[in-house]
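Based on the sequences and whatever the hints tell you, model everything.
Chains as they are written, first to last, in my numbering: chain P, 1 to 344; chain R, 1 to 335.
Please note that a few of the clues may not be correct.
So the derived list for chain P, only partly shown, Cβ under 8 Å to chain R, looks like this [to be verified]:
| # | residue |
| --- | --- |
| 1 | Asn5 |
| 2 | Arg8 |
| 3 | Pro57 |
| 4 | Ile59 |
| 5 | Arg71 |
| 6 | Ala75 |
| 7 | Gly86 |
| 8 | Thr88 |
| 9 | Gln92 |
| 10 | Pro129 |
| 11 | Ala132 |
| 12 | Met133 |
| 13 | Phe136 |
| 14 | Leu138 |
| 15 | Lys140 |
| 16 | Thr245 |
DSS-like cross-link-like pairs, simulated, lysine-lysine; straight-line CA separation at most 30 Å [claimed, not checked]:
| # | chain 1 | residue 1 | chain 2 | residue 2 |
| --- | --- | --- | --- | --- |
| 17 | R | Lys256 | P | Lys140 |
| 18 | P | Lys105 | P | Lys226 |
| 19 | P | Lys231 | P | Lys105 |
| 20 | P | Lys105 | R | Lys256 |
| 21 | P | Lys105 | P | Lys140 |
Some chain R residues well away from chain P (every beta-carbon gap over 10 Å; in silico) [said to hold, decoys possible]:
| # | residue |
| --- | --- |
| 22 | Pro11 |
| 23 | Pro26 |
| 24 | Leu85 |
| 25 | Val92 |
| 26 | Pro155 |
| 27 | Gly209 |
| 28 | Ala220 |
Please keep in mind that the hints were generated in silico from the structure rather than gathered at the bench.
The C-beta atom is built at its ideal place from N, Cα and C for all residues, glycine as well.
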Amino acid sequence: MRFTNDTRLAANSGVDAPVRDAISGALHELFGTPDEPRLPGAVDFLEVDRLRQAAGPVISHTPGVTQGLYRRHCARCHGVTGDGRGPTAYYQNPYPRDFRRGVFKWKSTRRDAPPTAADLAAVIEHGVPGTAMPSFRLLKDDERETLRQYVVYLSLRGQVERELVWYADEESGEVTPASLVEAADRFVDTIVASWASAASAVVNVSLPDASAEAIAVGRDLYHSDKAGCVKCHGPEGRGGVAPETDYDLWTADRVSLVSRAVDQDAAASDLPIRPSPAPALVGRTPRGGADREDLYRRLHQGVAGTPMPAVGPRRPGEAAALDAAEIAALTDYVRSIMHTEVGG
Amino acid sequence: MSRTSGIAGSPWPHGMAWVLACATFPLLWVGGLITTTDAGMAVPDWPGTYGYNLFLYPWRTWLFGPWDLFIEHGHRLLASGIGLLTIAFVVVVWRTTKDRFLRTLAVAALGMVVLQGVLGGMRVVMNERYLAMAHGVTGPLFFALTVGLVATTRPVTAASPSTGRLSAWMLPALVYCQLMLGATLRHIPEDGGFLTFASHVRYHLIVAGVVATAVLALAAKAWLASESSTPRWLASAMAAVVAMQLALGVGTWIAKYRLPGWAQPLWESDAWDRFGGPITIAASTAGGWFETHTVTAHSATGSLLLGLSVAAAATARRLPETQSAAPPTQSPPSA
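Okay, structure coming up:
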């Protein structure tokens, strides 16, 4: 079994077949295969033994110890390469996550930062309500940790692939696997540093007690131009706003391919393109956690990879649409309507 | 099965055929559980279990060890029992009747159960999912054969001449095609294409509609016509099973993949939330009770429907000349 290259990325960049082969070779050297994973030297926060347990076909050589955990539990949706194009992806809504961008929606960190280990662990343990992502709470803690590390491994591989493609596209000289492996050092260092420092990008939350007054303030903010929520999510969170044709990060580059009539065959054989409309909030089960802290972060930083914007500062000290108290009030209002019955 | 009727003489073949059929169905269910819980490679060797003789593996480790070991080793033990039962059936048939057709069927059953065992063993030895699928579709075929043995060994009565109509076998053939389509969905390789899976889903749904329509038509004819080639109880059982199977199919999809895109209007609240109410729908639990048993029940019920449709075809009565649409086919002479 082999990893598949990101053909859409290659088509968008315009790199030709020999260069794509060189990139494949470099990635093989750096990250191995779905059966025999390996890690670049700079990656010290993942354990190769765990990756080896997650990789490969499903089999048990010792009672109670299962190899091939990723293929057993994840690959049919997320794909062997983690590209979100597993065999069962077509009819799922939303599609399974493409790990290769290193972007995840449900996390506690700033919008442009990777998730922490705890963020990914929570998604694996609790699942994502309203989607096909199940809870894996019945697995052993150890197995869930193994899966989490393998997901990060696939993300790292995908992110390095993206950097290599853009590097190769700009490189005027000959591109070989060896030259790409050498060039990859600096990309790997930067990417690894961002994952390793994710904990420092956590959005700290300090919420006052919820109150009817805060909910009323939040309702006014929701319907104001300052927050602008009503423009997408509709009055009182009931939706009904004509859907704008907007796309999430994982779809945007495919839309670009289609619009530029680049590699129509690849576009035609890919998952159907879906826009990302803002959902109605009334009665909706929050997908990234229903706690006040979870919703606060959802508003503060928006939802990474989607058109849902941040109303708080993207980085400490930056200007923002709302301050902390206003975001807290908006959180309480949104949370109150998400407890409300639909209709009426 | 182009024969005039059941057999006369010893009740043993019929009794043993019933035992064999009734013992095989739970084995199919357990096999389905193995696929659902991906326990097929829980024991990496064959025909032994972790180096032990199959029958000598420490029972405490088997019964109180990990789930996947319990179910896989248990499946092998149960399958061995079925194999021994099948051998006993062949012996009984050989000693109680000279009916050549029945003897041939009995030997065919033995051949098929041996083949099934080898397929299961090779699946493990080669760690090959396509062999898992072959094993998965041969089991129901064997079960269908045991049902045929029950029909073939039933006591002879004057009121039960069978038609030998080939058309009666169209429904079991259709059900088996549907079962195989389901097997391709269950055993899709991890690097399989999503367009392939999606097309198999569509075909599976289309054939489900055709099977359901055929079964309901059969039931309607059994109840509304003055004479029917299928007994009412059997036609009703098939209709009930097909209704249950449709519900299980919907349950299987929702358990594994939640609602498909066309069921979720783009600009309204998540349809699943509207159905289940606010904050009531948690994520499904992988390996949880609902998912595991709904999916497995859907697989096993397909085999049950296959068995019932074989029973209907094997026992399809010849209607009186004035009412039958086609001349009866010629039956081979009994041995």
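Going down the list of hints, with the structure as the test:
no.: 1; hint: Asn5; in the structure: 14 Å, violated
no.: 2; hint: Arg8; in the structure: 15 Å, violated
no.: 3; hint: Pro57; in the structure: 6 Å, holds
no.: 4; hint: Ile59; in the structure: 4 Å, holds
no.: 5; hint: Arg71; in the structure: 5 Å, holds
no.: 6; hint: Ala75; in the structure: 4 Å, holds
no.: 7; hint: Gly86; in the structure: 7 Å, holds
no.: 8; hint: Thr88; in the structure: 6 Å, holds
no.: 9; hint: Gln92; in the structure: 6 Å, holds
no.: 10; hint: Pro129; in the structure: 5 Å, holds
no.: 11; hint: Ala132; in the structure: 5 Å, holds
no.: 12; hint: Met133; in the structure: 6 Å, holds
no.: 13; hint: Phe136; in the structure: 5 Å, holds
no.: 14; hint: Leu138; in the structure: 5 Å, holds
no.: 15; hint: Lys140; in the structure: 10 Å, violated
no.: 16; hint: Thr245; in the structure: 11 Å, violated
no.: 17; hint: R:Lys256 <-> P:Lys140; in the structure: 20 Å, holds
no.: 18; hint: P:Lys105 <-> P:Lys226; in the structure: 24 Å, holds
no.: 19; hint: P:Lys231 <-> P:Lys105; in the structure: 22 Å, holds
no.: 20; hint: P:Lys105 <-> R:Lys256; in the structure: 21 Å, holds
no.: 21; hint: P:Lys105 <-> P:Lys140; in the structure: 25 Å, holds
no.: 22; hint: Pro11; in the structure: 45 Å, holds
no.: 23; hint: Pro26; in the structure: 24 Å, holds
no.: 24; hint: Leu85; in the structure: 29 Å, holds
no.: 25; hint: Val92; in the structure: 39 Å, holds
no.: 26; hint: Pro155; in the structure: 48 Å, holds
no.: 27; hint: Gly209; in the structure: 17 Å, holds
no.: 28; hint: Ala220; in the structure: 32 Å, holds
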